[in-house]
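Quick note, the sequences are listed as chains A and B, same order.
Here the first sequence is numbered in our numbering, starting from 3 and rising by one per residue.
Here the second sequence is numbered in our numbering, starting from 3 and rising by one per residue.
Please note: incorrect hints may appear among the correct ones.
It does not matter which identical chain is meant; a pair holds if it fits inside one copy or across any two.
Straight line, CA to CA, 30 Å or less: simulated BS3-like cross-link-like pairs of lysine-lysine [as the list claims (entries may be wrong)]:
#1 Lys340 <-> Lys55
#2 Lys340 <-> Lys356
#3 Lys131 <-> Lys239
#4 Lys174 <-> Lys340
#5 Lys55 <-> Lys356
#6 Lys13 <-> Lys76
#7 Lys340 <-> Lys131
#8 Lys237 <-> Lys252
#9 Lys13 <-> Lys252
#10 Lys55 <-> Lys369
#11 Lys232 <-> Lys13
#12 Lys131 <-> Lys252
#13 Lys232 <-> Lys380
#14 Lys340 <-> Lys252
#15 Lys356 <-> Lys332
The set of hints was computed from the structure by calculation and includes no laboratory data.
Because the structure is a prediction, the values reported are computed rather than measured.
Number of protein chains: 2
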Amino acid sequence: MDHRIPVVDNKHRITTTQLDLPPRLLLGPGPSNYCNRVRLALSTNEIGHLDPKFIELMNETQELLRYVWQTDNKFTIPVSGTGSAAMEATLANCVEPGDVVLIGVNGYFGDRLCDMALRYGADVRRIHKAWGDVFTPDEIGEAIEQHRPVILGLIHAETATGAMQPMDRIGKLCREFDCLLLLDTVTSLGGAPVFLDRWHVDMAYSGSQKCISCPPGIAPLTLGPRAIEKLNRRKTKVANWYLDMTLVGKYWGAERTYHHTAPVNMNFALREALRIIAEEGLEHRWERHLRNAKALWEGLEEIGIGLHVDEEYRLPSLTAALVPDGVDAKAVIGYLLKNYNIEISGAFGPLAGKVWRIGLMGHNSRKENVVLLLAAIKDALEAA
Amino acid sequence: MDHRIPVVDNKHRITTTQLDLPPRLLLGPGPSNYCNRVRLALSTNEIGHLDPKFIELMNETQELLRYVWQTDNKFTIPVSGTGSAAMEATLANCVEPGDVVLIGVNGYFGDRLCDMALRYGADVRRIHKAWGDVFTPDEIGEAIEQHRPVILGLIHAETATGAMQPMDRIGKLCREFDCLLLLDTVTSLGGAPVFLDRWHVDMAYSGSQKCISCPPGIAPLTLGPRAIEKLNRRKTKVANWYLDMTLVGKYWGAERTYHHTAPVNMNFALREALRIIAEEGLEHRWERHLRNAKALWEGLEEIGIGLHVDEEYRLPSLTAALVPDGVDAKAVIGYLLKNYNIEISGAFGPLAGKVWRIGLMGHNSRKENVVLLLAAIKDALEAA
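Chain A extracted, bound-state conformation:
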């Protein structure tokens, strides 16, 4: 090799300044803010992804994930990507071409599950509800009987609408019809009751940046024994190398075989965020989310802002607030960001321009945030 240094083109060698970011209060659909302990864990001195010390830490993270999900699933790991990667991992591993996959679509994320399942060759069937509604067990039962799916996919917490799917009877129905139950818990895990094993859920995924209060970039995934059995019975390789859990499982399992380089610092942060949840206790955490959500709901109604989802099905972590007639949804979002450094979000699909999405997630579910946000929204409406 000619080791002389050739001439470098400096056209793209731009000069930039040190990062100096505004102190945002993230009260949208995520990411949410995380606490200082998580920040410090994130920047802990690095070690290798096969270091004996890292392997200890992996085991602890897996066990704490089982706690927050209330599952005994051996295969419970953080995926080295965002929640969308963990979402795709469920289908990539458990769908074989031709499998009938039934998806409950009552918002954006049900649609996304359909899109993903189609890419793995599934015969996708949909049941629909309006954005903000949920399915009854009878509706689910009828659809299972009609379509006889191999997998039923539901969104426990629809981040696009703020609706929470009740889980009574659904898991048992799936078992009766020998169907795997796949559940999206991105916006509920760590913020609202989730009982994977009691609900007979076979596959679930989540994000780190919602009620877990860890930065985005690592995503919980769990596969129960029936899902693992389906994975092991596959006749074809998983059609996705990065998310192939027969390979990733050897890194997180007893073998510790290299697959890809784990994002070590993100793992440090996730472990700390989970430790904080274990210290607080799920019951207290869920109660706190509900208490602050109720204060938000009452406060919004007091200033004339209605709520899109019926209280019975309302997520404590994410609220869809109706934009009053004549108010420009985007202008209010911009006003809050500019004048208060508060991020709330608009919506997409049929709810675009009609609702704001307000998150009170994990570390951010605090009384002071509710009081400040209500005052800021009031100010924004008066200024509009």
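Once you have looked at the hints, place chain B on chain A.
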């Protein structure tokens, strides 16, 4: 919804201690250590992934990636996963079922490219060289003529062997035969000369945790105009949702459409690592890597340790050092970790037990690390 809190199972609610990790000097094949500026950037206060401030930062990162890769490719982004995800993204987007894909296999990562390409329905052809060897332009030319591939995949820097593939003539050969050139630059980017545009490379990927000196969990990807054209001509959707660059490109492009939540903190860290490279200048950085590698090579030979790769093709960032006869490779690795907090690595495949892999990457390519490592290895061999 019944908002009463049900009884939680505390079986997996383990008590853990605060992270307290040993101060490892990471001189293996990666991750490498990063400097304090990157650590501070990583833990910068979080903002949303659609925040106007984040969008500014995205543009800067893209431009700096173009600089380190020496490319004008508009489509140059960090993928929200590790290097393996960016690796898979090249094939997932540019392979359509039946496409002939020719891969140069002279180490582990060539094999992995084959495995990935097969999952996307490619008709994979291989040319082989021994682990540690490289291909001549003539060998490549003959194989292209014989197989007429749609894509030729080569490993510029084979992390499994420490060999660097010379790139003269190869890109022009690919253009002659209307073949896309795909290049793995995981262990060379930021540590050895890489000139994507001059070499007529159409697709490339890298990792953040090697010579870029950023934590793992975010991975550079670039697609040139010919690759983008092939992507746009696809008759079928990309068979991978998370890595579908027709969707991801709308987030990194002018539209800024939501696809998945970007790992914001990892993006902060990557931007800072790239800024440091731009400040140092590629020429100085490459020269530094070569200087320290040469000192390592000389030092190893002085203590009777041979080098696996011919000097002409030797990577400055990763050295495969031959384990002397009668020495237990694993025992030395364990001795260095235990007594010096130094991580070096073994090898796999045909090199398992025969070589140690020693990385001097990015921030870690420094004289003091070479001197300490040589002394530590000498001690380990005497103690063995």
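Structure-based check of each hint:
For the identical chains of this complex, Lys340 and Lys55 are inter-copy neighbours only, at 12 Å across copies versus 44 Å inside a copy, given an alpha-carbon limit of 30 Å. Proximity of Lys340 and Lys356 under a CA criterion of 30 Å is satisfied intra-copy only: 21 Å inside one chain copy versus 61 Å between copies. For the identical chains of this complex, Lys131 and Lys239 are inter-copy neighbours only, at 27 Å across copies versus 35 Å inside a copy, given an alpha-carbon limit of 30 Å. In this assembly of identical chains, the alpha carbons of Lys174 and Lys340 never lie at most 30 Å apart, being 49 Å within a copy and 52 Å across copies at closest.
In this assembly of identical chains, the alpha carbons of Lys55 and Lys356 lie at most 30 Å apart only when taken from different copies (26 Å versus 50 Å within one copy). Taking identical chains as interchangeable, the C-alpha atoms of Lys13 and Lys76 lie at most 30 Å apart only when they sit on different chains, with a minimum of 14 Å there against 51 Å within one chain. Taking the closest pair of Cα atoms, Lys340 and Lys131 never come within 30 Å of each other, the shortest separation being 36 Å inside a single copy and 59 Å across copies. For the identical chains of this complex, Lys237 and Lys252 are intra-copy neighbours only, at 19 Å inside a copy versus 35 Å across copies, given an alpha-carbon limit of 30 Å.
In this homomeric assembly, Lys13 and Lys252 come within 30 Å of each other (Cα to Cα) only across copies, at 25 Å, whereas the closest approach inside a single copy is 44 Å. Proximity of Lys55 to Lys369 under the C-alpha cut-off of 30 Å is restricted to the inter-copy arrangement: shortest distance 27 Å between copies versus 38 Å within a copy. Taking identical chains as interchangeable, the C-alpha atoms of Lys232 and Lys13 lie at most 30 Å apart only when they sit on different chains, with a minimum of 27 Å there against 52 Å within one chain. Taking CA atoms no more than 30 Å apart as the test, Lys131 paired with Lys252 passes between copies only; the shortest distance there is 28 Å, against 40 Å inside one copy.
Proximity of Lys232 to Lys380 under the C-alpha cut-off of 30 Å is found in neither arrangement, the shortest distances being 53 Å within a copy and 51 Å between copies. For the identical chains of this complex, Lys340 and Lys252 are inter-copy neighbours only, at 25 Å across copies versus 48 Å inside a copy, given an alpha-carbon limit of 30 Å. For the identical chains of this complex, Lys356 and Lys332 are intra-copy neighbours only, at 10 Å inside a copy versus 63 Å across copies, given an alpha-carbon limit of 30 Å.
In the structure shown, a violation is registered for the earlier hints numbered 4, 7 and 13, in ascending order.
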